[in-house]
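Visitor: Guided by the hints, dock chains R, B and U onto chain S, whose structure is given.
The listed protein sequences derive, respectively, from chains S, R, B and U.
The opening position of the first sequence corresponds to residue 1 in this note's numbering, with each subsequent residue numbered one higher.
The opening position of the second sequence corresponds to residue 1 in this note's numbering, with each subsequent residue numbered one higher.
The opening position of the third sequence corresponds to residue 1 in this note's numbering, with each subsequent residue numbered one higher.
The opening position of the fourth sequence corresponds to residue 1 in this note's numbering, with each subsequent residue numbered one higher.
No wet-lab data here; the hints were simulated from the structure.
Do not take every clue at face value.
It does not matter which identical chain is used: a pair holds within one copy or between any two.
Claimed, not checked - Dumping the calculated SDA-like pairs for lysine to any residue here, alpha-carbon to alpha-carbon at most 20 Å: (1) K17 to D44; (2) K17 to L342; (3) K17 to G45.
So you can see what is in the structure, the chains are spelled out below.
Number of protein chains: 4
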Amino acid sequence: MSDAPAPPLTAIPPDIKALADYERRAQAHMPPAAWTYLQEGTGDGVTLAANRAAFDRIGLVPRVLRDLRGATTHIELLGRTHAAPLLLAPVAYQRIAHPEGELATVRAATAMGIGMTVSTLASVTLEEIAAARQAAATELGTAPAPLWFQLYMQPGREASLALVRRAEAAGYEALMLTVDASIKRSGFTLPPGVEAANLRAARPTQTAQPLGRILFGTPLLDAAPRWEDLAWLRAQTRLPLLVKGIMAPDDALRALDHGADALVLSNHGGRVLDGMPAPIALLPAVAQAVAGRAPLLLDSGIRRGADIARALALGAAAVLVGRPQVHALAVAGMAGVAHALLILRTELELTMAQLGCPTVADLAPDRLLTAPTPVEGEPFRHSPRA
Amino acid sequence: MSDAPAPPLTAIPPDIKALADYERRAQAHMPPAAWTYLQEGTGDGVTLAANRAAFDRIGLVPRVLRDLRGATTHIELLGRTHAAPLLLAPVAYQRIAHPEGELATVRAATAMGIGMTVSTLASVTLEEIAAARQAAATELGTAPAPLWFQLYMQPGREASLALVRRAEAAGYEALMLTVDASIKRSGFTLPPGVEAANLRAARPTQTAQPLGRILFGTPLLDAAPRWEDLAWLRAQTRLPLLVKGIMAPDDALRALDHGADALVLSNHGGRVLDGMPAPIALLPAVAQAVAGRAPLLLDSGIRRGADIARALALGAAAVLVGRPQVHALAVAGMAGVAHALLILRTELELTMAQLGCPTVADLAPDRLLTAPTPVEGEPFRHSPRA
Amino acid sequence: MSDAPAPPLTAIPPDIKALADYERRAQAHMPPAAWTYLQEGTGDGVTLAANRAAFDRIGLVPRVLRDLRGATTHIELLGRTHAAPLLLAPVAYQRIAHPEGELATVRAATAMGIGMTVSTLASVTLEEIAAARQAAATELGTAPAPLWFQLYMQPGREASLALVRRAEAAGYEALMLTVDASIKRSGFTLPPGVEAANLRAARPTQTAQPLGRILFGTPLLDAAPRWEDLAWLRAQTRLPLLVKGIMAPDDALRALDHGADALVLSNHGGRVLDGMPAPIALLPAVAQAVAGRAPLLLDSGIRRGADIARALALGAAAVLVGRPQVHALAVAGMAGVAHALLILRTELELTMAQLGCPTVADLAPDRLLTAPTPVEGEPFRHSPRA
Amino acid sequence: MSDAPAPPLTAIPPDIKALADYERRAQAHMPPAAWTYLQEGTGDGVTLAANRAAFDRIGLVPRVLRDLRGATTHIELLGRTHAAPLLLAPVAYQRIAHPEGELATVRAATAMGIGMTVSTLASVTLEEIAAARQAAATELGTAPAPLWFQLYMQPGREASLALVRRAEAAGYEALMLTVDASIKRSGFTLPPGVEAANLRAARPTQTAQPLGRILFGTPLLDAAPRWEDLAWLRAQTRLPLLVKGIMAPDDALRALDHGADALVLSNHGGRVLDGMPAPIALLPAVAQAVAGRAPLLLDSGIRRGADIARALALGAAAVLVGRPQVHALAVAGMAGVAHALLILRTELELTMAQLGCPTVADLAPDRLLTAPTPVEGEPFRHSPRA
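So that you can see chain S by itself, here it is in the shape it has in the complex (with noise of 0.2 Å):
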């Protein structure tokens, strides 16, 4: 049996229902190298099970009879409209999934109207996906979708600030600075002919330590980010700032502190660090600490619209789709990830209905029945014998 994955389909299979068929499926049309780097969470995989079980955890508790007339999923974020609560979320190499990899991605995204957010590692330039979402807008007759880039800090600021000026020069919307996978391990050589195509002139910036080698005291914790750069970075741009990969109430307000106009909670997939929670496990609390002062972002195991809905009744203003994109990208391509949008919007559609909610300002704690969850710092009680 060859190892050569199937190519891409040229027609959705009537199959095909939910994204987890899309992930079923996408299997047989990735290279097994390819698909497990994908697929994979860190660790013993304990995050990865956990960003969907958080989700099942959630119940949804109806309401009837509502009037329904003119319900809308579309939200306004960081200045514009958003067709629904909903982005692409950055992944990496798309080209390992499909040939035409982000090229393909953004023409869904475009005729979707759901915004796309661009990796530093993409293995299309930046400026290819800018001009094929413009060109797609035209052909499709639409307003082009919000496209956003995502920036990992690269080693020296230079380096950093000149893909901010190619982002800006390219007509992306807003940047998301990851600031959550900067140290991890990898192992994974990207096949021959797919590469990080905006970092062409650059070494790869994604500082990742070798497996079993000792990290500290090593140079690897000296070119980290810090809150200083976060500032820095503040200062160089107009360009609305997202900051990826918080998870702690007080780590959400010191991003705020430091200029960024929107969070996105974030595990990473359960690709960093195996042990972290959900993040919807501490939007709540995060939510608190915020109290309005900014979006909110949710990644990380959302794959059906009831959990878009879940995640903005908890606080959430949007949610990004991470390996489902890729799922629906190998299995057929444009046409693959713009069904997989369509799925979830539709399923939130059929999600808001059910709750009654004719507008995501609606969606709110009411509309949940959760179990009891765990306590921060409170691990254990003892009651010592009377």
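Guide: The following block gives chains R, B and U in isolation, referenced to the frame of chain S:
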């Protein structure tokens, strides 16, 4: 191997001792597509599983040596006596399970003195079902069992009113307006010869949403019933009016304020919105809000007489069973349904005897030991470092 | 392959180190129908599983370096000394497991100094069992171990009284009235040669309800014992009187008010009503209500010496084991039962040693770390939107 | 197929990236009986499973963009610096896993700068181990890593004292008195050529209780160490004294009052009493009681660097690993053990980096999100009917 399902049995096999035994056997007696349509839950089946698990978490605490002479399962509900706190829930298209369809079911209900709720989407006309009830009662020399009509609001009020008038004329004793499934996804094609018999003159009325199609902004939402439609319906008929699909305490009060005489807590057997909690999980909160103003019924997950006792101990006046009637119908027709109802009633009696409850009014929370459960709107607590 | 069970072993296999090892081996030594009858729980087996799981959730917190010289498992109970806080629970028809039946069991109990409770439904007469105890004690040169008689109330008081008088005359030291199984379903047919030996002159007394037959309104309920029967029985005998099958605190107090000298918390090994909690889950509440007025015993789920320690730490004076005695009896007759009792006692001693408890009185809640558990009557909380 | 285990590997396979990979491979390198002896938990393995599950329930909450320059895992403990908050737990008879036994282990510990605790039941004499440490340090040009001696109290105080004096003379830096396993069951026979080398002149000292034999009332209990023996031992030596096997807060205080300099929370890897909670479940209560009077160490269940971080965040000063050192030793001898220690340390560093903790002192409860957990002595609540 042929796909043709086995014909219904003419005698009840001796190994059938519980409703689960009917469920296990029923698949062989139904076309595969019909079986899937009957059994599946929406989404990932989280709600479907929760419906059963919620009951298993509620412990039953017995009371011994009580005087059980004269014990009875009878209840008074909506103006008449029921032999047990149990009714048949509305289930559409019963001829997909058995050639006699609803006619077999109503004969079984009559034989057992158990009420039946006829679906708007019955595969036999409501008039034929009413006539079959009368014929069976005459043949058996018993009083006719309660007969209710379940109503899906039709696109035009005239069409809805026509159904109400037909139900009134045919001797139906109550109307049950279903409000939870007016907007949902549907992918099942009726087999030849099975149709919505009550609606032959009209278009099918359940506004099924094709898979993967945008809902918001389409005319579908304009047709969905609203609170004002409930008030209108209330004004059209003197029949007792139940509203089915209520889950939230505020909706319960609102339904009563709009004229409902009783409420049915239901998540439609996990068929409408995956992620909904089991109705039994919300029953105490609804009962507390309603505070005795109206009887509460409950379906979704009832498979044992002990489940009936649990629901009543938490505030329900009666329960309904949906899928189990179809399982028994497919296996052994009228005899199967009657036997399934007998099993439930006998199990309820044994449970009441062990709990020391000679009447259903004795079923109270002190008979339960329940697991800690979810809290609406308080999903997570966070204690920052002191 | 023949259905004939393997004969009992004449030596204990060296791989038997725990009661679970007897259980694993016992099936081969029993007729299939008898094995099923012995092992099965009622309903879906939820209670059967809960009986074990409840113990596994109770953590044991050791104490080190305590002075264990003179440590002992002895207890005083109902006027005499027991070698350990452990008795054999009443188990009917033991000749279905071994040709010697209860005679082998009582010899094992005598050899180990462990009390035995003889069932009304024993397959050997109570007089023969008492004589076998005396003969074994004489042969072994030990004192006879405690011998109790379990009573099912007979349809007429004269029949009940006759059994009491026979037990008194044969030297039984206590009566245990079982109150939890007077009305239940039964589907087991005794094999040839096995009968309720004590009731040869009478009809079997357990009012078994045929499967799937209406109970309420039948004479069965008239025959069921009531609180007044307990008071009557109390007045008939000077033997200590235990009531078995109590689970609720209010029933416990009522039983004491009607003359019980001790109570046995039991769900009959999950054989009577599926959905009942494990007795250990209710023990603390019952102990709190009883407040030392009378000793509490407990059965259902005891499989380890550590379980005995857990029950005592939560307020039990002693425990009983049911099915395990039959497993050991089937595998190796008298030697098997004696060995099983030795295992339990040795495990208890090792547990007490690790917990730093030289006497059973030292077993207290401070030796436990328990999981959050159910609350009676407070199943769900609901916080409406503020 | 021969039962002979595979010889140790001479190079570390590239697929070994975690301690679990060593565990998976180790079975092939050990005799079956030795493997079973190493791996099994006592009883039903409830505690063995709890040791891992308890860690997985403790979520890790990251902090981002912290200044990690100069980060270090170093700690000060009992008067000297350790390279990481990690030591090798005492493990008996290491020559059953590898021909070099403890000599390979101490060389690995020295190479990694990680402390080793030598068991009383080592299969190489404590003097040989100390000499091997010195030789390895000289060869590698490093300082000798910490070397501690684990003591089982011997039947006579002279025998215990002789071991202490030998440890002092050989340069051991601390004594760790194990108090949790003085009375337990044992069924393992040492393979030929493996013995308790330190006790050649004496009888084996762990007072193993033969299976299924009565314990109470035998001389075994007289020989078990008591609090007064701890006080005596304290008076005999100036070495720092750790007491291992403490789980309860009151025992912790009592051990300090009797002269212990540090405590090791341990359930002996689930080998002593099934049903004991994981030490991590009791750590917060013990830490609260001890209130900084002495350092707390912990073993049982540590398999990941993240587990070390969890333990430290809840109050531990350091942790020990037991079985994992044997897995690595069996697979690849000295190189395996060194690699396993490197993995743990690297994982700890990555965890600290993600948690934003440049020093172990920064690991605090605010880095955790923990599940609701057991309460000692408050197992069940009961609310009688109002």
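Visitor: Compare the structure with each hint and give your call.
Guide: Evaluated hints:
1. Proximity of K17 to D44 under the C-alpha cut-off of 20 Å is restricted to the inter-copy arrangement: shortest distance 11 Å between copies versus 30 Å within a copy.
2. In this assembly of identical chains, K17 and L342 lie within 20 Å of each other by CA distance solely inside one copy; the values are 10 Å within and 40 Å between copies.
3. For a Cα distance limit of 20 Å, the shortest separation of K17 from G45 across copies, 14 Å, qualifies, whereas the shortest one inside one copy, 26 Å, does not.
Checked against the numbered hints given earlier, the structure satisfies every one of them.
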